[in-house]
Amino acid sequence: MIKSLLLISYDELKRIFQTKAIVSVMFVGIFLYFFFYPQPYLHEAIRDVPIAVIDQDNTNYSRELVRQIDANKSVKIDLHIADLQTAQRLIEERKIYGVVLIPYRFQQHILEGKTSPVSYYGDASYILIYSNVATAINTVASNFGAKISISRKIAQGVDPAVATNNVSPFSTQLISLFNPQSGYATYIIPAAFVLILYQTLLIGSMLCSLFSKNSDVELAFIHKANYSATSSALLLLSGKLLTYSILYIIYFIIYTVFANYWYDLPRLSHLFTSLWFIIPFIFSTALLGKVFSHFVHTVSDVFCVIIPTSMLIFFVTGLSWPRELMPSLFHIIGYIFPAVPAITGSVKINQMGANFAEFSQQYWHLWLLTVIYFGMAFILENRHIQKMRMTKIKENS
Amino acid sequence: MSNSLLQVIRWELSQLMKQRSLFLLVFIYPLLFIFLFIYMYHAGVITQVPIAVVDQDTSKSSRTLIQQVAASPQLLVAERYQDLSAAKHALIKGDVYAVLFIQPEFEKNLIAGHQPEVVAFYNNQYMSAGTIIFRAMSSALKTANSQIVLQGLLEKGVALPVAQSQMQTVPTSLHPLYNPTLNYLYTLISGLIPTILQIIIMMAMVTSVTRDRFAATGYQPILQLANHNIFTFLLGRITPYFIYFLLCLFLFDTVLIAYFDLPLKGHLALLILGDIGFILTSCLYGIFFGLTGSTLAQAYGSASLVASPGFGFTGLIFPRIAMNTFASIWGALIPVTWYIQIRLDQTLRAPNIMTSLEPFIYLLIQFSIISLLITLHLRKIRRRLI
Chain A
1 MIKSLLLISY DELKRIFQTK AIVSVMFVGI FLYFFFYPQP YLHEAIRDVP IAVIDQDNTN
61 YSRELVRQID ANKSVKIDLH IADLQTAQRL IEERKIYGVV LIPYRFQQHI LEGKTSPVSY
121 YGDASYILIY SNVATAINTV ASNFGAKISI SRKIAQGVDP AVATNNVSPF STQLISLFNP
181 QSGYATYIIP AAFVLILYQT LLIGSMLCSL FSKNSDVELA FIHKANYSAT SSALLLLSGK
241 LLTYSILYII YFIIYTVFAN YWYDLPRLSH LFTSLWFIIP FIFSTALLGK VFSHFVHTVS
301 DVFCVIIPTS MLIFFVTGLS WPRELMPSLF HIIGYIFPAV PAITGSVKIN QMGANFAEFS
361 QQYWHLWLLT VIYFGMAFIL ENRHIQKMRM TKIKENS
Chain B
1 MSNSLLQVIR WELSQLMKQR SLFLLVFIYP LLFIFLFIYM YHAGVITQVP IAVVDQDTSK
61 SSRTLIQQVA ASPQLLVAER YQDLSAAKHA LIKGDVYAVL FIQPEFEKNL IAGHQPEVVA
121 FYNNQYMSAG TIIFRAMSSA LKTANSQIVL QGLLEKGVAL PVAQSQMQTV PTSLHPLYNP
181 TLNYLYTLIS GLIPTILQII IMMAMVTSVT RDRFAATGYQ PILQLANHNI FTFLLGRITP
241 YFIYFLLCLF LFDTVLIAYF DLPLKGHLAL LILGDIGFIL TSCLYGIFFG LTGSTLAQAY
301 GSASLVASPG FGFTGLIFPR IAMNTFASIW GALIPVTWYI QIRLDQTLRA PNIMTSLEPF
361 IYLLIQFSII SLLITLHLRK IRRRLI
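Protein chains in written order, with UniProt numbering: chain A, 1 to 397; chain B, 1 to 386.
Hints in this document: simulated from the structure, not taken from any laboratory.
Just so you know, not all the hints are guaranteed correct.
To be verified - Coverage of chain A stretches by chain B, computed from C-beta distances (three or more under 8 Å per stretch; other residues unrestricted):
hint: 1; region: 29 to 38
hint: 2; region: 108 to 120
hint: 3; region: 141 to 148
hint: 4; region: 170 to 179
hint: 5; region: 300 to 307
hint: 6; region: 342 to 350
In this text, a Cβ means the ideal position worked out from N, Cα and C, and glycines have one as well.
Same shape as in the complex, but just chain A (with noise of 0.2 Å):
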């Protein structure tokens, strides 16, 4: 028994990485995609965006303010600008991002003792610069606001304790968790790796049942006399399912342990814990595959309706669009493919170091997925080595 599910398990290895189409998205896919797919994120935060200036002002005060704006660390101020028409113009051809307005007077109303506001205007068909730059300009001016106000508290002789609590009377902190420098690779790496190794082991477990249609090893094992077609199936299945756990946790450390020392992502977790959580995926993931491949005849079948969905399956983890806030469809489509609950969980362990009661939820959901794809897989298996079994009898007779 053992030895035959070794030998299944072998067979599985060698088509692997004997067959061009499979070894091409079981192995050079997963190391290419490892360096090519964070690329454009490795910059991680939007820095120095170009931003114009216009100060009709021109005074001590707003020549500081411009100062204060042009340190900040997301933007960057590229030019001096007379009006509003060159800064559309500007912004139009996407020469800058956005223009702080200081009006006329600045000063004179600041030192008269009244308000006296800013304005920024950004183009927002950019939704994140434009937040980024926003909140910049508006934390800068708003210390810039709080620090004029203190000293003309203390120049009317107030103690400058008592002037900064006048100013505002309870501190805010405002901390950010799991990504403290909100960078872009520690968003999307860790969950878009997961999403690769459930694409390529999906694609590949599809293809291997593609390819082992005519593998001798297959055949002999189905034609099997000792053997019950129930206990062929069984063998069948789980000798495969050996080999591509064995490969994927493989992949899994590189793509979680190793991708988070090569690109400086937080890490907050055991590698045991992960291990622990990734098995069922990996089970459930080939296991669907298996129940996908009867349903498909051609390698072309297996890319056309698979590739496709990459991207739906993406944004239903609620990557940018918090789940609890979509319509229940979604939710169901979360059910049914391993690599939301797979993302979800991972994450959460992996970049926040959640115990097992905060990721229990997405680890019994994978277990169930397993069973049921193994349940549909092993009935469909059955069924095709009975058919097998038929028409060799029908042949010899």
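Dock chain B against the given chain A, drawing on the hints supplied.
Just chain B now, with coordinates in the frame of chain A:
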């Protein structure tokens, strides 16, 4: 010529109908994804992100503060916990995205003028929600702060207008141009659907080309149908797909414009020209990969290597100006990158004609180079066959 073109189109259509997975890919997937993504993002902006509150003071002041935070349309106070560890548990579990923590004796310190600290932890692993929480939370807390100052001034007998002018010395008025509501449908989804369509187009064309390439008869029958004319061969192949994908883009735009009020500030003609250029160029990319991949899997593999991670390189998630050199060059080689720029220009931005034409030029360069490569390759094949 026109006769042979019709024959190639008819032949391609009959093949398309025969292959079930190709039929699914071409006819069902585009409509399905347009529906799903519009449905997912139909609200346009993120509101009511669930957060938790840990109020260890339970005083009038802390309750007022919580009310002020809860009044923010972006935030929804979903849970209340007694201690931070329970809140942290909920945060990691994913039940809430942020925790507002008010320490004991908040009110006492506030009255005494000791400047108590209010801390908010937010989950920034999911950055799109994180950014929104940060913005909403900091503005809510700032408002709460100035409310207290205002109250204090009013109690001292300062007149309301005077007090208000002392509140914030240098306020910033923010003007988001082109997309004043910061609607995701107009930017992210408007670019994401073409990105997915690009994957579908390339996969479809690879399937179509490799079908005769790896068949026993090779390119012979279809080249004969096309009278050995490369142009007829390509045009006939592309036409059925081109028409259908163009209809899909029209449908997508109609839905966005009619139901979601996407403005169309530029020229409709340019937008349509962009649609045509984008689909044609993507088709040619697909054909190129189909012709050159040494095996079937390699043809699909290289097409999906270009198309699948495309949305990272197009600047939809992370802007192109902040990318490293490799990523920004790679992005420039992908048709959809320029098409997204055309879409943004013609729907939201309405720039002058010179700026509008810039992405068209890049798209044209891609188109010319890829058609040149394909023509050379097909000539070589034709020479071998005749």
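Evaluation of the provided hints:
{"no.": "1", "hint": "29 to 38", "result": "holds (count 5)"}
{"no.": "2", "hint": "108 to 120", "result": "holds (count 9)"}
{"no.": "3", "hint": "141 to 148", "result": "holds (count 6)"}
{"no.": "4", "hint": "170 to 179", "result": "holds (count 10)"}
{"no.": "5", "hint": "300 to 307", "result": "holds (count 6)"}
{"no.": "6", "hint": "342 to 350", "result": "holds (count 3)"}
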